[in-house]
Structure formats: C-alpha cells, structure tokens
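Student: Now for the letters of each chain:
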Amino acid sequence: MGSSNSSVNNIPNAQELMQETGFSAAHILRLHERFEFLDKHKCGQLRLVDRPTNQPQDFGAVQELALNPIGDSIISAFFSPGQETVDFASFVRILAHFRPTDRNQSRDGAQQEPANSSIRKLKFAFQMYDQDRDGKISRAELLQVLRAMLGIQVTEEQLQSIAERAIQEADLDRDDAISFDEFRKSLEKVDIDHKMSIRFLR
Amino acid sequence: WILGVFFMFLLLFLCCVGGKCELQESKPAPQTNLPTVKPFPNEAQAFPNEERASLPVFTMDYPRIQVPFEFTLWVLLASFAKIGFHIYHKITIWIPESCLLITIGLIVGAIMHAVKEEPPAVLSSNVFFLYMLPPIVLDSGYFIPTRPFFENIGTVLWYAVVGTLWNSIGIGLSLFAICQFEVFGLQDISLQENLLFASIISAVDPVAALNVFEDIGVNEQMYIVIFGEGLFNDAVTVALSSMFTFLADMPIVESTDVFLGVARFFVVAAGGVLFGLLFGFVAAFTTRFTHNVRQIEPLFVFMYSYLAYLGAECFSISSVLAIVTCAITMKYYVEENVSQRSCTTIRHVVKMLATVSETLIFFFLGVVTITITEHEWNWAYIMFTLLFAFIWRGIGILVLTQIINPFRTIQFNFKDQFGLAYGGLRGAICFALVFTLPDTINRKNLFVTASIAIIIVTVFIQGISIRPIVEYINIRRTNKDLHTINVEVHTRVMEHVVCGIEDLCGQWSHYYWKDKFKKFNDRILRRILLRDNRAESSIVSLYKKLELQNAIELLDTPMGDLSAAPSMVSLHDERKEASRPKKMFLTADVRKMHDILSKNMYKIRQKTMAYTNKYNLPDDSRTREILIRRHASIRRSVRASSFREPSEQNIPKSQKYYSLQPGGDLETAFALRRRSHGDGLQFSGASPHSSSRSLVPMRKLNTIKESGTVLDERGPGSLGGSSLRGRRAPVPASRRRSSDWVDEDPTDSERTGERDEPVRPPQLPPPRGWLPENQDPGGNEAGNPLLRHSSKGS
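Heads up: the sequence lines are chains Z and P, in that order. Just so you know, we're using our numbering here: the first sequence kicks off at 407 and counts up by one. Just so you know, we're using our numbering here: the second sequence kicks off at 3 and counts up by one.
Quick caveat, the hints were computed from the structure, so don't treat them as lab data. These figures come from a predicted structure and were not determined experimentally. For each residue, glycine too, the CB sits at the ideal point set by N, CA and C. Among the hints, a few may not be true.
As the list claims (entries may be wrong) - Partner residues are not named here, just some residues of chain P that face chain Z (Cβ under 7 Å, in silico):
hint : residue
1    : H91
2    : I93
3    : V269
4    : I412
5    : N488
6    : V491
7    : M496
8    : H498
9    : G502
10   : I503
11   : E504
12   : C507
Stated by the list, open to error - From chain Z, some residues computed to sit far from chain P (all C-beta separations above 12 Å):
hint : residue
13   : N419
14   : E422
15   : A431
16   : S486
17   : Q489
18   : D597
Take the sequences, apply the hints, and build the full model.
Tutor: Below, the structure is given as structure tokens:
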C-alpha cells in the first residue's frame with residue numbers, strides 16, 4: 407500500500423500519466439513502488455537481461471513470470487521494438503491496458519481511444535501471438551504459443567491438428583493466417599473486458 | 003387433447019384408488035361410503051362369506067401393492083402433466099413449469115377435496131427432507147458450472163449468508179412491529195416467533211428460481227449468484243430456524259444464546275462442507291477400483307451422496323451443503339475414473355431423479371394447498387409479509403451489491419440487481435420447513451397459510467412476469483454459443499496474460515489460488531484418487547469433443563436412409579435439444595453425443611456397408627470377419643512399424659476425407675470445398691448428394707497440400723469416432739495410433755477399390771484413451787513420417 411514517503415509529485419510526468427491512462431493517483435503511486443522494487447539497480451529503467459553478464463534481471467527476476475508459459479511474450483510486449491529498456495511511463499502505459507473498462511464512459515470523437523478499451527486489450531492479446539508484429543498470426547506463431555501452453559501433454563501431431571483447426575475456424579480470407587480482424591471476430595462472443603481486466607490495488 | 007382426456011381419467015382413477023385406500027387405512031370396517039366413480043370390484047370381501055371356497059380363479063389383493071402402486075400412479079400423473087406442457091411448447095415460454103405444475107396440483111387438490119380424500123403425505127417433513135429434496139440438490143450440485151462458481155464464490159457466499167440474515171432479521175422485525183398494532187389481532191406472536199417465520203420465508207429457493215432463469219438465459223454472473231445463493235442459504239436457514247425454534251420456547255433471550263447461535267451457524271456450515279468433502283473423496287477413491295465392476299459404478303455416486311446427506315441430517319448440520327460439496331468434489335474425479343457409459347448413466351439418472359422430484363414437489367404444493375383443512379387467513383399478516391419480503395429483498399440486494407461491487411471485476415449494474423431481487427422466488431423448501439415448526443407455536447396455521455401464500459405469489463406473479471421484464475429492461479443475457487477452439491485457446495492465453503501481469507504487479511487474485519489448487523490437485527489428489535493419472539489439457543479435450551461433434555453432424559445428415567431408428571432418433575433429438583435452451587451444459591451434451599456416437603458409429607458402418615459401397619460384401623458376418631482379420635493384421639503391422647513410404651504411393655488420390663465446419667451441414671460444406679479447394683478434393687465418381695452414398699465421400703481422405711503426400715489414407719480409420727479431421731489437417735496420427743488398425747498396407751492389397759473404409763473396425767476409444775496410445779512404443783511409426791512431413795510442410 408502507499409507509503410507516506412513518496413507522493414505522486416515525486417514521480418515524473420505523474421499528472422500526464424494519470425490523464426492518459428486513467429489511473430488514479432493511488433494507483434500510480436503503487437505502480438511506481440512496484441517499478442522501483444523491480445528496478446534493483448535503480449537505474450530508472452527495467453530491462454530484460456543484464457547485458458554484460460546475460461543474467462535475467464528485472465523482468466526476468468519475477469519468478470512466477472518465468473514459469474508462465476507465455477511469460478516471455480508478455481515481457482517482450484513491454485518493450486517497444488528495438489528498445490531494450492522500459493521506463494516507468496511505458497510500464498504504466500502498458501499496464502493501463504488492463505484497467506477494467508469504464509462502462510458508462512462517453513467519449514467524444516476527438517479523444518483518442520482510451521488505453522483500456524476492448525480493442526486495445528485485444529491488441530495486446532494479439533501481440534502475444536504475433537511476435538514479429540506483422541499483423542497476422544501465422545501458423546507457426548500459433549503453434550509456438552500452443553506448444554508453450556500445452557507443453558509436454560500433447561504430441562506434435564495433436565498440436566498441429568489443433569492449430570489447423572483454429573486457423574480453419576478463424577481464417578475467413580483463407581490466407582492461412584489470422585489477421586487482427588479475424589481474431590477479433592472469433593472472440594466477439596467473449597467478454598474481453600472481463601477476461602483482460604485486473605483490479606489494481608490501491 | 004386426447005392426452006388431456008386420458009389425463010383426466012388417470013386423475014379420477016387415482017382419486018378413487020387413493021380414496022379407497024385411504025379409507026381402507028383409516029376405517030378398517032367395510033366401506034360404506036365409497037365415493038368412487040368407478041366402482042372397484044372388491045371381491046376379496048365377498049369370499050369369506052362362503053362356507054367352502056372353491057379355488058379362487060380371480061382374486062385381488064389391493065392392500066398389498068397399495069403403497070408402491072399409488073406412488074407410481076402419482077409419479078405418472080405428474081409426468082403426464084409435464085408431457086402435456088411440452089406438447090404445447092408455447093405455454094412453457096410464458097409460464098414457467100413450476101407454475102403449471104402448481105396449477106395442476108391445485109386442480110387435483112380441488113378434486114380430491116371435493117371427494118373428501120386425503121392426499122398422500124408427500125410434503126410431510128420427513129418424506130420431503132429425506133426423499134424429495136436430495137435428488138434435486140444433488141442435481142444442482144452435480145451440474146454446477148464449477149469455474150464461474152469458484153470465480154464468484156465470494157459474491158455467492160456474501161449474498162447467501164449476509165443476504166439471508168438481512169432478510170430474516172428485517173422481515174422479522176418489521177412483522178413484529180406490525181404485530182404490535184392491536185387492530186390486526188396478532189399480538190400473541192412474539193418476537194422469536196416472528197423471527198422464526200421470517201427466517202423460513204426469506205430463503206430463496208433454488209429450484210423455483212432456476213427453473214425460471216434457465217429458460218430466459220440470463221447472463222452467467224446472475225445465474226451463478228442466484229444459483230449459489232439458493233443453495234447456500236440453506237446453511238443459514240437451518241441455523242437460524244433451529245436457533246429461533248429453540249428461542250421461541252423460551253420467554254427470554256439472553257446474549258449468550260445469540261453467541262451460541264452464531265457459533266451454531268459456523269458449525270452448521272463448516273460441518274456440512276466437511277462432510278461433503280469427506281464423502282466426496284471417499285467416493286472418488288472407491289471409483290478408482292471399480293474398473294472391473296462397471297455396472298455398479300453409478301451406484302457409488304448416488305450412495306455416497308445420499309450418505310453424506312443423511313449423515314448431515316443426523317447431526318443437524320446443513321445437509322444441502324454436504325451433498326452439494328460431495329457432488330462437486332466427487333464429480334471431477336469420478337468422471338475420470340469411470341467408463342463413458344457409467345458417466346452417461348450417472349448424468350441421466352441424476353437428471354431424471356431430480357426432474358421427478360421437482361415435478362412432484364410443485365405438484366403436491368398445489369394439492370396440499372387445497373386439502374389442508376386448517377388454514378388461517380389473516381389479511382394483514384399475509385399482506386404485510388408479502389410486502390416486507392419484497393421490500394427487504396430489494397433493499398438487501400441493493401445494499402449488498404453496493405458493498406461488494408468494488409471487489410468484482412464484472413460489476414452488477416442496476417438492471418442486474420433488479421433481476422436478482424426480482425428473481426428471489428420462494429419454493430417448496432420453505433413450505434416444508436414451516437411444517438417442521440413445533441406445534442407449541444399457537445399460530446402455526448397462520449404461518450403455514452402465510453408461507454403458502456408467499457410461495458404461490460412469488461412463483462406465479464414473479465415467475466410469469468420475470469421473463470417479459472427481463473426482456474424489456476434488457477438484462478445481459480448469456481451467449482449460448484458453442485465453444486470453438488479459437489475461443490478456448492485465446493481465452494487461455496488471456497488468462498495467462500492476466501496472470502503474468504498480476505505477477506508483474508505483485509498482486510494476487512483468484513488466479514493465484516486457482517494455480518495453487520491446481521498444483522496441489524495435480525501433485526497429490528490426482529495421484530491418490532485417479533486410476534490413470536494422465537493430465538489432459540482442456541484445450542485438447544475440447545478439441546477432441548469438437549471433432550466428435552463434427553463426426554456427429556456428418557452422420558446426422560443422411561439420416562433418412564438408415565433405419566437404426568431408436569438410436570438415430572435419440573441422436574437427432576439430442577441435437578435438436580442442444581439447440582434449444584437447455585438445462586444441461588455443453589460438455590454433458592457432448593459426452594452424451596459421444597456415447598451415442600460410439601454406439602451408432604458401429605451400427606451405421608455395418609449397415610451402410612451393405613448399400614453404400616458396391617464393392618463391399620453385403621452381409622454382416624463376412625464383413626465382421628474381415629474387420630477382425632484386418633484388425634489383427636493391423637495390429638501386427640503396427641508392431642512391425644515398417645511401412646510408411648511404400649504404402650503412400652499405393653493410395654489412389656481419390657482418398658480424401660474432411661470435416662465440416664462446426665455447425666455446417668453437408669451441402670454447404672461440399673459447395674464450399676469445391677469452390678475453394680479445387681485441387682484438394684476429387685470425389686471418386688460418387689455424387690456427393692446421393693444420399694445413399696453420402697457417407698462415402700465422408701470417408702475419403704484428403705490430400706495434404708503441405709506435406710505433399712497422401713498421408714491420410716490410413717485414415718479410413720478416420721471414421722473411428724473423432725477422426726474426422728480438417729481438410730488440410732496433418733494426419734491425426736494420434737488417433738490413428740489410438741485405433742490400432744491404422745496402418746493399411748496389408749489391407750491395401752485386399753482393397754478392391756478406394757472405398758473400403760467402411761470395413762474398418764469402428765473402434766472408438768474414449769478420448770482419454772488417446773493419450774496413452776501416444777506413448778505406446780509400438781506406435782512410433784506415425785512419429786517419423788509425420789515429423790518429416792510436417793517439417794516439409796510447415
């Protein structure tokens with residue numbers, strides 16, 4: 407919980423972040439604490455691997471994430487392409503995707519799509535598969551995720567079949583890959599807001 | 003209407019019989035005033051008069067069979083009522099079944115009252131609680147959707163416990179306040195009695211509410227909350243009513259009693275859960291060893307749950323909780339240990355018993371309403387009871403939801419809350435409970451009448467009106483769509499994502515507990531309780547089920563030709579029923595389909611062999627022999643594991659097989675494929691639309707584009723259950739291996755044409771059998787070619 411030592415004002419760009427992501431001050435505080443906790447080297451950035459020694463660091467140090475089947479996909483989603491570090495602002499921005507959707511929010515057309523809208527959540531999920539960011543989930547990418555999730559329980563053939571079937575079901579334009587629209591369509595019955603929301607503790 | 007007439011006859015018959023026998027019981031003297039419509043020949047009485055009896059050619063000894071006979075007739079009567087409703091399907095849309103049953107009960111009660119008969123004492127406390135209630139609760143517990151339930155367990159318990167407390171105390175106090183007014187003449191009802199009565203009627207009855215909710219199909223959250231609330235408020239009710247009963251006898255209440263009451267509640271609740279867990283685990287453990295006595299496997303489920311119930315009753319702890327917990331614990335492990343058929347049997351019997359019980363309960367509610375002679379009607383009390391029940395429930399839901407909404411990810415909006423409040427129907431449980439009130443309460447009849455009134459009002463008025471209201475205010479409904487693989491995979495991914503993000507943020511949520519439990523489960527519980535401990539991912543099992551469904555759909559279309567009447571009809575009905583709003587959940591349906599499929603697949607194959615395939619031998623015995631021979635030879639070749647390459651070239655290109663898109667039917671699938679996969683499919687001359695041959699193309703194998711070779715001819719095995727695969731699916735080697743008859747090289751030579759797949763042994767191993775097959779060392783053959791091809795292809 408928030409300690410009384412730091413206040414929101416100590417965090418750079420706090421107001422902007424709150425505006426942009428919709429987090430409250432208490433949330434930002436807590437996330438900042440967490441960020442600092444993860445940032446063992448106090449360099450203000452999180453990285454995946456410690457360059458010189460190639461030891462897992464920061465992100466890699468979160469144990470449970472290492473056990474998560476798609477943990478590395480999740481981690482790599484934090485890093486913008488090409489970058490090796492994540493600063494607090496990016497950290498919060500990504501996490502903002504998981505805020506529960508404000509149902510009765512009315513937006514005027516000019517405002518940008520809020521970070522925690524369904525589309526953004528879906529995009530995040532899509533990114534889990536689409537590692538090379540080409541906008542499509544190819545069969546290989548799908549297989550990779552499936553393999554990670556199912557592990558040793560299934561044989562390669564069953565995996566292939568499952569992937570095949572998944573593509574069969576979703577692929578409407580028959581290009582043997584699932585585009586973001588097809589992805590969205592296949593999940594239209596699922597309550598994304600519920601599935602991809604976290605109640606952030608204050 | 004013919005049914006109606008028949009129905010009335012049965013009714014009258016029953017009345018006479020009932021009347022006659024009741025009278026016989028109560029007045030052993032020869033009946034003088036038999037109000038029978040159909041005079042019953044009672045020759046047994048005539049005989050004693052004769053001095054020397056000749057050999058009785060025709061005797062009748064009714065009293066001997068009386069009790070079971072009457073029971074059966076009542077059950078039949080209620081079941082006919084049920085059939086009658088469903089013939090006029092439109093009725094059940096607008097009026098929930100419970101209402102209809104009560105109405106019929108009222109009519110029957112009126113008839114019986116007119117002829118001055120006593121109905122059988124079904125709703126007496128003992129019979130109700132020991133015989134009628136357990137099946138219903140077992141059904142609820144067995145088919146509870148565990149995942150949403152455990153995700154919402156906090157909310158459910160909150161509403162059940164706190165909500166019921168709030169309701170009881172609120173209603174009790176307000177009624178007591180009303181009783182203070184002299185004008186109503188109710189001053190002799192003390193506070194304790196009021197509280198007692200309030201605790202009885204504030205319990206939402208799961209049976210009635212769910213009856214209504216399932217038909218409408220409200221969203222899952224509401225459903226699970228009402229469901230859980232209905233089940234778990236039993237603990238509160240039991241505790242409260244026993245506490246207040248005890249207190250009602252005492253003139254003064256001391257604070258220690260209140261504490262004891264609270265303590266009693268915890269004993270009741272925790273005791274029930276522990277009992278259930280205990281029996282559940284013992285049951286699971288027992289089924290580990292039953293693989294040699296498959297016929298009695300279903301028995302264990304019922305016996306153990308009933309034992310749990312009775313044991314809890316014995317100790318006056320919450321028996322409903324016990325049996326529900328037992329069912330939940332047991333189901334998971336038992337369904338893995340028992341055979342498919344036992345599984346189906348268990349599900350069917352649970353459903354059947356529950357339906358019978360429920361029907362009888364509502365029916366007798368109506369009957370008893372009229373035939374009770376000691377009604378005491380007090381306008382004020384009853385009106386105010388209704389009013390307060392409504393008000394307190396509404397306020398209660400509102401307040402409770404406000405408190406708990408911040409803790410939920412899907413919050414209840416006002417519409418949901420209204421639905422929850424309005425859906426709080428009372429049912430038979432409170433009626434039976436009110437009968438258990440000690441007779442020392444001098445206004446017991448008033449309570450009985452009041453509770454009947456409130457039950458009837460809530461069931462009729464709320465039950466009938468809730469549907470239009472729900473539709474009008476547009477409460478979020480559930481989506482009953484079938485799961486696709488995509489949905490399953492993606493939701494799993496999303497769960498992992500959320501889990502990971504939470505770990506990153508250093509937060510826990512229920513995923514944490516879920517994970518912990520899963521680990522505990524896998525490591526310890528499954529080892530002890532399961533016979534074959536093989537973990538199977540839910541994605542894989544769902545996938546298998548979906549393939550099965552495809553197979554069923556394929557089979558279903560050319561139904562006209564086949565005369566395997568009963569089984570086909572039931573399969574067809576299963577599918578029809580699957581598309582209507584149903585009480586069962588998808589996996590149950592799919593399992594049933596699976597079972598039916600396994601039976602029918604075999605039959606179909608044998609039958610269609612005769613006339614779909616001109617190359618095949620027309621009579622069964624030869625084909626069966628060939629089957630067996632092939633089976634044996636395939637087994638041998640599997641061991642040998644030698645053949646892949648040579649066989650491939652032999653297979654004519656016309657071997658194809660494919661599966662339908664889920665939900666698709668044959669015609670469109672054909673059209674689709676012809677359009678889009680011109681190169682892929684070549685039918686070997688048989689027009690796809692000829693019904694007699696339509697099964698054959700089904701069995702043709704696909705050429706796999708990416709692998710470049712025709713891997714799947716082994717597939718004729720393809721019809722073995724779930725082996726209908728994707729058009730371009732890389733071979734279902736797993737399935738092939740699972741059915742040992744995969745490798746056809748020895749059979750190739752025997753094949754006269756392309757199409758003797760029908761002669762494949764229609765083995766349908768239960769899905770879980772697939773996995774071990776994969777580890778079968780003899781079955782390694784599929785590993786090589788597949789890997790090779792898949793590396794080429796993908």
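Student: Taking the least C-beta to C-beta distance, is I93/P closer than 7 Å to chain Z?
Tutor: Since chain Z brings no Cβ nearer than about 30 Å to I93/P, farther than 7 Å, the hint is violated.
Student: Minimum Cβ distance from G502/P to chain Z below 7 Å?
Tutor: At 4 Å from the nearest chain Z Cβ, G502/P passes the 7 Å test, so the hint holds.
Student: Does D597/Z sit more than 12 Å from chain P, CB to CB?
Tutor: The claim is violated: D597/Z sits with its nearest Cβ about 7 Å from chain P, within 12 Å.
Student: Close enough to count: is the Cβ of N488/P nearer than 7 Å to one in chain Z?
Tutor: holds, 4 Å
Student: If you take the shortest Cβ to Cβ gap from E504/P to chain Z, is it below 7 Å?
Tutor: holds, 6 Å
Student: Determine whether the non-interface label on N419/Z survives the test: each CB of chain P must be over 12 Å from its CB.
Tutor: Correct as stated: the minimum Cβ-Cβ distance to chain P is 19 Å, above 12 Å.
Student: Given a cut of 7 Å on the nearest C-beta pair, is the interface hint for V269/P held or broken against chain Z?
Tutor: violated, 33 Å
Student: A closest beta-carbon separation below 7 Å is what the hint needs, so does H498/P meet it against chain Z?
Tutor: For H498/P, the interface hint holds, since the closest Cβ of chain Z sits about 5 Å away, which is under 7 Å.
Student: Is the hint on I412/P kept, meaning its closest Cβ partner in chain Z is under 7 Å away?
Tutor: Hint on I412/P: holds, closest Cβ of chain Z at ~5 Å, below 7 Å.
Student: Over 12 Å from every CB of chain P: does Q489/Z meet that, or does the non-interface label fail?
Tutor: Nearest chain P Cβ is 18 Å from Q489/Z, so the label holds.
Student: Please verify that the nearest CB of chain P lies beyond 12 Å from E422/Z's CB.
Tutor: Given that every Cβ of chain P is farther than 12 Å from that of E422/Z, nearest at about 21 Å, it holds.
Student: Using the nearest Cβ pair, does C507/P come within less than 7 Å of chain Z?
Tutor: Holds, because the Cβ-Cβ distance from C507/P to chain Z comes to roughly 6 Å (cut-off 7 Å).
Hint compliance for this structure: hints 1, 2, 3, 18 are not met, and every other hint is.
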